[in-house]
Amino acid sequence: MAEVALEKDIQTQDRWSGGQPPMKASYGKLMMWYFLLSDAFTFAGFLISYGALRFSSPTWPDPDFVFSSAPFGIHHAPLIFVTFMTFVLIASSVTMVRAVLEGHQENKSGVVKYLLMTIVGGLIFLGSQAWEWTTLIAKEHVTIHTNPFGRHTEAGVYLEDEHGRPYPAGAERETFEAGDGYLIHKDHETGKWIKRLYRTESGEEKRLEFGPRAFGALFFFITGFHGFHVFTGVVILLIVLINSINGVYGARKNGYEMVEKVGLYWHFVDLVWVFVFLVFYLL
Amino acid sequence: MAHSYEEGKAVAMRGLYLLGVITIVEVLIALFGNGHLIEGVELPKYIMYPIMIGLSLYKAYFIVYFFMHLAYEVSDLRLSVLLPTMLLIWALIAFLMEGHYWGERRAEVNPEYREVFEKKTNSAEDGESMIQLDDAIWQELI
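Residue numbers (my numbering), protein chains in the order written: chain A, 1 to 283; chain B, 1 to 142.
Bear in mind the hints are in silico, worked out from the structure with no lab data behind them.
As the structure is a prediction and not an experimental result, all values here were calculated from the model.
The beta-carbon is built from N, C-alpha and C at its ideal position, and this holds for glycine as well.
Accuracy of the hints is not assured; some may be wrong.
Label-pair restraints from in silico Cβ distances [to be verified]:
1) A/Ser202 with B/Arg106: 15 to 21 Å
2) B/Trp102 with A/Glu205: 33 to 39 Å
3) A/Ser202 with B/Tyr46: 47 to 53 Å
4) B/Ala91 with A/Thr232: 38 to 44 Å
5) B/Arg105 with A/Lys113: 56 to 62 Å
6) B/Arg105 with A/Ser26: 49 to 55 Å
7) B/Val25 with A/Ala130: 26 to 32 Å
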């Protein structure tokens with residue numbers, strides 16, 4: 001045992017005594033790791049501020065209510081669309097692993113094939129996010145300073161229908177429980193918000209109020225910052241793809257190290273999505 | 001490279017299955033726990049949240065260690081990347097506690113806040129105009 005430990009000590013000392021890269025990684029790869037570390041702190045800052053603001057508000061919108069529509073007219077299907085987006089990102093991460101592996105084999109056609117698949121995955125993800133943003137902005141009128149999504153803190157009954165008109169006598173009135181989400185709609189003709197009148201269990205009559213304003217800003221900034229990473233990732237992947245096709249990396253004879261470095265960045269984008277998915281959609 | 005081509009392919013496939021299955025499990029827990037699958041059946045948050053956070057951390061570990069190959073790097077590199085992230089544990093605790101405190105403060109001032117707020121917004125109908133009122137409300141509260 002003692003001999004083994006001694007040998008390990010000598011190896012460690014040797015690595016740091018000059019003449020070779022002590023981390024056994026090239027400068028570029030090392031700097032990619034430290035860039036990703038700093039980027040992780042940026043995202044952590046965003047997500048932690050999201051958590052702090054969410055903890056401070058009893059009426060934070062219910063994610064199962066806010067994110068419940070999908071393309072092709074699917075409504076009231078919480079989490080389905082975003083789960084699809086998550087799978088796309090996971091799949092593109094796996095094809096990226098394969099591209100790096102083919103690179104180590106100096107197999108150009110393999111690298112090109114898997115890079116292409118990764119890029120397609122990235123584009124599908126970006127398209128899905130564009131659809132999600134369009135729904136929130138154009139249909140539900142969420143902006144960075146107005147958030148029509150809220151949550152009831154008390155059970156009660158609506159006194160007005162969806163168009164803001166009092167229910168006719170004898171009509172069945174819509175009820176809600178504490179914790180139910182609501183969305184304040186906008187009247188298409190007048191452009192005014194329809195803040196429905198309701199009566200709570202304790203007998204108070206109130207109108208719907210906007211939800212926590214920070215919700216929109218946090219959602220658009222955090223998913224936007226992540227989407228921007230996906231976008232730059234796709235652009236860099238395209239450049240690496242063109243260079244691979246032209247044989248730039250093949251000529252370097254270093255196992256397509258550039259593909260490996262871009263791969264680190266791409267996996268990081270997937271890693272961040274794990275946490276964005278957790279705090280925005282699951283919790 | 002610490003592992004062979006065939007091993008690498010196996011790791012990629014394992015990652016695909018593992019991450020996919022964990023994601024499905026997470027989504028099912030979220031849907032089931034919030035009563036979307038079976039009407040009226042819900043899980044308490046203190047059971048749901050730790051499971052979902054734990055599974056997400058496992059996903060993160062798998063991506064960093066095997067997809068990004070950190071498991072095969074020398075320990076000096078591994079530690080230089082992983083140790084600084086430990087600072088986030090402190091940040092998380094501090095800021096979530098602070099957020100909780102804001103929530104309590106908000107509840108304390110809420111009746112007064114609401115009164116002032118309603119007086120100010122009676123004339124203004126739409127959400128955009130609320131922003132200009134913010135400073136006035138703040139002044140009155142202080």
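Evaluation of the provided hints:
Taking the beta carbon of each, A/Ser202 and B/Arg106 are about 20 Å apart, inside 15 to 21 Å as hinted. Look at B/Trp102 against A/Glu205: about 29 Å separates their beta carbons, and that is not inside 33 to 39 Å. Distance hint check: the CB atoms of A/Ser202 and B/Tyr46 are about 28 Å apart, inconsistent with the given range 47 to 53 Å. B/Ala91 and A/Thr232 have their C-beta atoms about 26 Å apart, which leaves the hinted 38 to 44 Å range violated.
About 57 Å separates the C-beta atoms of B/Arg105 and A/Lys113, a value consistent with the hinted range of 56 to 62 Å. The hint said 49 to 55 Å for the Cβ distance between B/Arg105 and A/Ser26, and at roughly 51 Å that hint holds. For the hinted restraint 26 to 32 Å between B/Val25 and A/Ala130, the CB-CB distance of approximately 28 Å keeps it satisfied.
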